[in-house]
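Visitor: Sequence:
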Amino acid sequence: MTELEKCNAGLPYRFNDPELVALKTAAIRECERFNALDGTDYDAQYEQLRSMLGSVGERVWIAKTFNCDRGRNIHIGSDFTGNHNLTILDIREVRIGNHVMIGPHTLITTVSHPLSAEERRDYYAWAKPVTICDDVWIGGNVTVLPGVTIGKGAVIGAGSVVTKDIPAGCVAVGSPARVIKKL
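Its first residue numbered 1170, the sequence shown is counted upward by one per residue in the working numbering.
Hints listed in this document are in silico derivations from the structure and should not be mistaken for laboratory results. Among the clues, some could well be false.
As the list claims (entries may be wrong) - Within a straight-line C-alpha distance of at most 30 angstroms, the following computed DSSO-like cross-link-like pairs (lysine-lysine) qualify:
| # | residue 1 | residue 2 |
| --- | --- | --- |
| 1 | LYS1321 | LYS1333 |
| 2 | LYS1333 | LYS1351 |
| 3 | LYS1297 | LYS1350 |
| 4 | LYS1333 | LYS1233 |
| 5 | LYS1193 | LYS1333 |
| 6 | LYS1321 | LYS1297 |
| 7 | LYS1333 | LYS1350 |
| 8 | LYS1175 | LYS1333 |
| 9 | LYS1193 | LYS1175 |
| 10 | LYS1297 | LYS1333 |
| 11 | LYS1351 | LYS1297 |
| 12 | LYS1233 | LYS1297 |
| 13 | LYS1175 | LYS1297 |
| 14 | LYS1321 | LYS1350 |
| 15 | LYS1297 | LYS1193 |
| 16 | LYS1193 | LYS1233 |
| 17 | LYS1321 | LYS1233 |
| 18 | LYS1351 | LYS1321 |
For clarity, every value in this text was computed on a predicted model and none was experimentally measured.
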């Protein structure tokens, strides 16, 4: 298997593989194009998102700066707001539903690295998809870790670190995020 095939299968892979580096380099360029656009030219921003991401619904807005690892693995529904300094490390798929709001300085990551220093020295990583369902509100300074699903209508409090699935219709806060209330 190639390193990309291993990655897509959820297996450990070497992230310094030339094919993977080329994908990341292309995403860096696309993000630079997006972030260089006039901040009030919403039509140009939307068109750039449509060209660089896997799929984009209607009325999608992401503030500057926006960074991602591939772009093509990000799928966003309609009526989405991503506030300033949104980073999505989309080594694997990130699916975001309709009517989702994400606060500033948020990180959504599908990728992690081994605990073993030797494996890290050998450039190993692994990745799991992330799903954010419809009507989710994620506060500012939140981190969503690999493999997480945030259920429909959930609210994630500012500063939280989401390490496991959050059920639909719940409020979760803290590090690690814990459900504190059912809506």
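Visitor: Does each hint fit the structure? Answer for all of them.
Guide: Verification of the supplied hints:
no., hint, verdict
1, LYS1321 - LYS1333, "holds (15 angstroms)"
2, LYS1333 - LYS1351, "holds (17 angstroms)"
3, LYS1297 - LYS1350, "holds (27 angstroms)"
4, LYS1333 - LYS1233, "holds (28 angstroms)"
5, LYS1193 - LYS1333, "holds (27 angstroms)"
6, LYS1321 - LYS1297, "holds (20 angstroms)"
7, LYS1333 - LYS1350, "holds (16 angstroms)"
8, LYS1175 - LYS1333, "holds (23 angstroms)"
9, LYS1193 - LYS1175, "holds (16 angstroms)"
10, LYS1297 - LYS1333, "holds (12 angstroms)"
11, LYS1351 - LYS1297, "holds (27 angstroms)"
12, LYS1233 - LYS1297, "holds (26 angstroms)"
13, LYS1175 - LYS1297, "holds (12 angstroms)"
14, LYS1321 - LYS1350, "holds (14 angstroms)"
15, LYS1297 - LYS1193, "holds (17 angstroms)"
16, LYS1193 - LYS1233, "holds (19 angstroms)"
17, LYS1321 - LYS1233, "holds (26 angstroms)"
18, LYS1351 - LYS1321, "holds (12 angstroms)"
Hint compliance for this structure: every hint is met.
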